[in-house]
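Student: Use the sequences and the hints to build the structure in full.
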Amino acid sequence: MSDLYIQRLRGVQTELAAVRAALAYIEHNWQKQDIYLDISVLTPTDFVQAARRAEAAYFIRLYAEFEGILKDHLATNHPQVPVPDKPKVDWLISRVIQVEGLAVGPPLRLKMDAVRDYRNLIAHRHARSTVFVLFDDGLSVLNTFLAKMPEPYA
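So for the sequence shown, the numbering used here puts the first residue at 4; every next one is plus one.
A portion of the hints provided could be inaccurate.
Unchecked claim - Taking lysine-lysine pairs in the PhoX-like style, the calculated list, with each CA pair at most 20 Å apart, reads:
1) K91 with K35
2) K74 with K91
3) K74 with K89
4) K74 with K151
5) K114 with K89
Said to hold, decoys possible - Restraint-style ranges between C-beta atoms, simulated for each label pair:
6) T46 with D120: 28 to 36 Å
7) Y156 with R64: 21 to 29 Å
8) D93 with K35: 43 to 51 Å
9) W33 with Y156: 46 to 54 Å
Bear in mind the hints are in silico, worked out from the structure with no lab data behind them. Built from N, CA and C at the ideal position, the CB exists for glycine as well.
Tutor: See the structure below:
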């Protein structure tokens, strides 16, 4: 079980919590603390929009971190495995499953596909996904996969 990989993804969750708290503070204290004097180029509406879109932005960040973990894992634990310059995430997942001999059943793989599809919907508005995935649910699915992986060697 890879606690290091799981902690990397939980770090993204902590970043999202910090952003949410900061945006809520600004929204709540805009007039009381004269915040508007320090941030004159932005309006309260800008912060409301940022708060509304924070989860989607951090969902993309979460998935990017997951992809980075897969690449790092192959590089550190399996340097003999050639990784393409721009590998698709499905290739990375399949290769990690293969080289590690991981038991990943169809239910988990379907959930991982739903997380990927939702990330694609957010990142590429033209992508199709019929599933809405909350940040914490996506984190849980990806961490379920990462829990099957061994720790990195280096």
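Student: For each hint, tell me whether it holds in the structure or not.
Tutor: Comparing the hints with the structure gives:
{"no.": "1", "hint": "K91 with K35", "result": "violated, 48 Å"}
{"no.": "2", "hint": "K74 with K91", "result": "holds, 11 Å"}
{"no.": "3", "hint": "K74 with K89", "result": "holds, 10 Å"}
{"no.": "4", "hint": "K74 with K151", "result": "holds, 16 Å"}
{"no.": "5", "hint": "K114 with K89", "result": "violated, 23 Å"}
{"no.": "6", "hint": "T46 with D120: 28 to 36 Å", "result": "holds, 34 Å"}
{"no.": "7", "hint": "Y156 with R64: 21 to 29 Å", "result": "holds, 26 Å"}
{"no.": "8", "hint": "D93 with K35: 43 to 51 Å", "result": "holds, 50 Å"}
{"no.": "9", "hint": "W33 with Y156: 46 to 54 Å", "result": "holds, 49 Å"}
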